[in-house]
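Novice: Listed below, chain by chain, are the residues.
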Amino acid sequence: MKKITIYLLPLVAFLAVLGFLYKGLFSDPRDHQSSLLEQPMPEFVLPDLMNIQQTYSQDIFLGKVTLLNVWGVWCITCAIELPYLNQLREEGKHIIGLYYDQDIDPDFGIKTVERVQQEVTDKLNQLGNPYAFNIFDVKRNLSLDLGVTGAPETYLIDQQGKIRLHHIGDINPRVWNKKFAPVYDLLVLQ
Amino acid sequence: MRVILSHIIFVLSLGFSVQLLATEDKFHFDKPQKTALFLDLTKELRCPKCQNQNIADSDAMIAVDLKRKVHELVKKDFTKQQVIDFMKQRYGDFVYYQPPVNPMTIWLWLLPILFVVAALASIAISRKRQSPEINDEQLAKAEAILEHEE
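Residue numbers (the working numbering), protein chains in the order written: chain A, 1 to 190; chain B, 191 to 340.
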């Protein structure tokens, strides 16, 4: 009897390791809790992408449930995501874009704003415009404060200007229904 | 031997100076301690996009932005811990290569210790079991046999 337990031990250990590694196959290493959840939006003063004279601050998020979508014309996944964002807008969701440009290197020269605006206009004419407006994160400082790792990423912000969700990657019907819809519907009811 | 040694030193110093030059190229500091702190931090902070690289090695845009931020903070006289806290606040514990000790990660330290203890215990047990029990009576018998053979 005792012998059998000893011989079973490696098998049990093997199965445990197997289970652990099998689970690892399906875990996304990029999927880690954002440390900004339940935190208010970081403070910022940034211009509107299309009208540089106009500036926004964190107060624009007060009073409305907002989706803040981080994107850029250089980002291929963002282009794939745009049609679905358009659909969300048609359903009445309030979407604000946080735009940043990859080619603008704050240490060296700066691409002209007109060129960035032209690129954005072209892209949105082609694929539709889901955004109420776009905040231009000129030096990517707000992105850094938000813990953005790339594009696309989307934040769900409640009426009090608090971050409730942070999604890395594109939004599609599956992600919306599974991750966003439960939280969003609850927030809208409040 | 001495020639080889001097060669090695030469090559090493070459690598070192190139690295220093490369950082000073883009990120200037007024004090060498700050340069050292900057190099330290960029080695220990992890790039959130390309997860198996530190921000010093990575050329991803986010890594460049983080390096720029570290530079800015170090220039503002932030201590090492303050810079790390600043980054953790935004990118989570994930961004620093040294994991914090909490109920989830404590196993990283406990498991190896438990393993060693368990291994030692099993060795001790099997040793004890293997060693044959010898008593005086058996010894006397063995000696009698030996004597008989002689």
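Errors might be hidden in some of the hints.
[Stated by the list, open to error] Here are the simulated lysine-lysine pairs, DSSO-like style, with alpha carbons at most 27 Å apart:
(1) B/266 / B/278
(2) A/178 / B/239
(3) B/278 / A/139
(4) B/216 / A/111
(5) A/139 / B/233
(6) A/179 / B/233
(7) A/139 / B/270
(8) B/224 / B/265
(9) A/23 / B/239
(10) A/111 / A/93
(11) B/224 / B/266
(12) A/162 / B/259
(13) A/111 / B/239
(14) B/259 / B/216
(15) A/178 / A/64
(16) A/179 / A/162
(17) A/179 / B/216
(18) A/162 / B/224
(19) A/3 / B/318
(20) B/266 / A/139
(21) B/216 / A/139
(22) B/239 / A/123
(23) B/278 / B/216
(24) A/139 / B/259
(25) B/331 / A/139
(26) A/139 / B/318
(27) B/278 / B/259
[Unchecked claim] A few chain A residues facing chain B, derived, Cβ under 8 Å:
(28) 57
(29) 58
(30) 144
(31) 145
(32) 149
Hint data in this document are derived by calculation from the structure and do not stem from the laboratory. Here a beta-carbon is modelled for each residue, glycine too, at the ideal position from N, C-alpha and C.
Novice: Residue 179 of chain A and residue 162 of chain A were given as a pair; does the straight-line alpha-carbon distance stay at or below 27 Å?
Specialist: Status holds; Cα separation ~17 Å.
Novice: Is it true that the CA of residue 216 of chain B sits at most 27 Å from the CA of residue 111 of chain A?
Specialist: holds, 20 Å
Novice: Need the status of pair residue 266 of chain B, residue 139 of chain A: alpha-carbon distance at most 27 Å?
Specialist: holds, 18 Å
Novice: Holds or violated: is there a CB of chain B closer than 8 Å to the CB of residue 58 of chain A?
Specialist: violated, 15 Å
Novice: Sort out whether residue 216 of chain B lies within 27 Å of residue 278 of chain B, counting only the CA atoms.
Specialist: holds, 24 Å
Novice: Any CB of chain B closer than 8 Å to the CB of residue 57 of chain A?
Specialist: This interface hint is violated because 19 Å lies over the 8 Å limit.
Novice: Can you verify the interface hint for residue 149 of chain A: is its Cβ closer than 8 Å to any Cβ in chain B?
Specialist: The hint holds - residue 149 of chain A has a Cβ within 8 Å of chain B, the shortest such distance being about 4 Å.
Novice: Are the Cα atoms of residue 111 of chain A and residue 93 of chain A separated by 27 Å or less?
Specialist: violated, 32 Å
Novice: Are the Cα atoms of residue 179 of chain A and residue 233 of chain B separated by 27 Å or less?
Specialist: violated, 35 Å
Novice: Quick one, are residue 111 of chain A and residue 239 of chain B close enough, alpha carbons at most 27 Å?
Specialist: holds, 24 Å
Novice: Can the restraint linking residue 162 of chain A and residue 259 of chain B be considered satisfied, given a maximum Cα separation of 27 Å?
Specialist: Holds - the C-alpha atoms of residue 259 of chain B and residue 162 of chain A are around 24 Å apart, at most 27 Å.
Novice: Quick one, is the residue 144 of chain A hint okay against chain B at 8 Å, beta carbons?
Specialist: holds, 6 Å
Checked against the numbered hints given earlier, the structure breaks hints 6, 10, 17, 18, 25, 26, 28 and 29 and satisfies all the rest.
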